[in-house]
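Protein chains: 2
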Amino acid sequence: MPLSVERMRKEYFQELESLRDQLVDMTELVRKAMSSATQALLEANIELADQVIENDTAIDSLNADVEDRALELITLQAPVATDLRVLISGMRIAQSLERMGDLAVHVARAARMRYPRTAVPPELRFTIEQMGAIAELISAKTAEVVKDGDVQGAFELAEIDDDMDELHRSLFIAILSPDRDVSIEAAIDVTLLSRYYERYADHAVTIGKRVVHIATGEPYAATSID
Amino acid sequence: MPLSVERMRKEYFQELESLRDQLVDMTELVRKAMSSATQALLEANIELADQVIENDTAIDSLNADVEDRALELITLQAPVATDLRVLISGMRIAQSLERMGDLAVHVARAARMRYPRTAVPPELRFTIEQMGAIAELISAKTAEVVKDGDVQGAFELAEIDDDMDELHRSLFIAILSPDRDVSIEAAIDVTLLSRYYERYADHAVTIGKRVVHIATGEPYAATSID
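Quick mapping for you: the protein sequence lines, in order, are chains Z and V.
For the first sequence, the residue numbers in the working numbering are 1 to 226.
For the second sequence, the residue numbers in the working numbering are 1001 to 1226.
Since the hints were made in silico from the structure, they are not lab data.
These numbers were taken from a predicted model, which means no experiment stands behind them.
Any given hint could be a false lead.
[Stated by the list, open to error] Label pairs and their computed distance ranges (CB to CB):
| hint | chain 1 | residue 1 | chain 2 | residue 2 | range |
| --- | --- | --- | --- | --- | --- |
| 1 | Z | S170 | V | T1057 | 25 to 31 Å |
| 2 | V | Y1012 | Z | R7 | 38 to 44 Å |
| 3 | Z | Y12 | V | T1216 | 27 to 33 Å |
| 4 | Z | S170 | V | D1050 | 22 to 28 Å |
| 5 | Z | Y12 | V | E1054 | 40 to 46 Å |
Beta carbons: idealized from backbone N, C-alpha and C, even for Gly.
Please construct the entire structure, taking both the sequences and the accompanying hints into account.
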């Protein structure tokens, strides 16, 4: 017996809702991954680092699943322009989250590589701690923004990202300061770590732009968040 | 007068062809951007660095244009699964190319920041030259792979990427070698530069995976290129 058009539409909207829930779940997994990676890094905790690396496959699978489900909806429903924007943006958000998960893995690998030492020299520990705190803040905000389609929140993501960029710059100044005695190895490690945190926050801003694009239809590239 | 179905299909395939051409053109612009950025870096050529930074908006526009055109085709044509895969993958390829353009801009900015000096210390110059050469090689191959939908070529991209990864590792070993007298500033610069080249090649591999996905329908995540 064929479904009524009404019932098909209802199921379609339920599917869209469920896709959104999945993105929120992914954001939460990514937040935990970066949070654990930071802890593993600062405490030279190799078990925790391994866990982050291992758990990343779950994030990758969620990304593949979002893509499959979105493509299925596009094929079956031939959505109008607005719904298509939601579905394509959902796929893009999942991609950004997947990449954020990869960056958490990079941080965990850095922790692993220097074990049983820590990759962060004592004098730069505070800056990395702050970067971890900002990563936590921007992840939690990203979950809210995705959940509520919150345009104002998307702009707040960009503000938090500015703080991350500021820390990224201050770290280089700190490493280069003549009164710091940072080894070349530590300089390399911390340069890469700082770059991972900075990119992590950039991806959160990209997600915010996508949410604005869904909400307003404003072209993605022109979205005035930066 | 309404178009015949046959004529609509013909125009649709012409549109797909033209999208592919646009991706090939984008690849060529990106190749030139990285090639010029490398030259600007090694020769401390600030005019060339500025040109790379300026020209990046053209690459960004092409990405936005590919996205708009692909979305329009999806909305108007309600493509079957195979065609949808081509269109979505085309959008993804454009995104990767846009990001490769950004990485060329990062290299150009590094050249700019140390002007009139060069950001690369003499003893690491050869490695960065090699990275530039591999970036050139992988860009040219990417253009071919996109143009011909060449699955074998996609695997070659992964081989070229292995060479880039090897250089990336060898650079760190070189910086850390006790007989090199590399300053902390040079270590930071070269660490980031090496990371930009390495990511640039990663994106080419991602494009290769997308081309395989178009050609075979094999799920993107399972594509055995790595």
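Cross-check of the supplied hints:
The hinted window of 25 to 31 Å between S170/Z and T1057/V holds, with their beta carbons roughly 30 Å apart. For the pair Y1012/V and R7/Z, the supplied restraint of 38 to 44 Å is violated, since their beta-carbon distance comes to about 32 Å. Look at Y12/Z against T1216/V: about 30 Å separates their beta carbons, and that is inside 27 to 33 Å. Between S170/Z and D1050/V the beta carbons are some 27 Å apart, a value that agrees with the proposed interval 22 to 28 Å.
A hinted range of 40 to 46 Å holds for the C-beta pair Y12/Z and E1054/V, which are about 45 Å apart.
Checked against the numbered hints given earlier, this structure breaks only hint 2.
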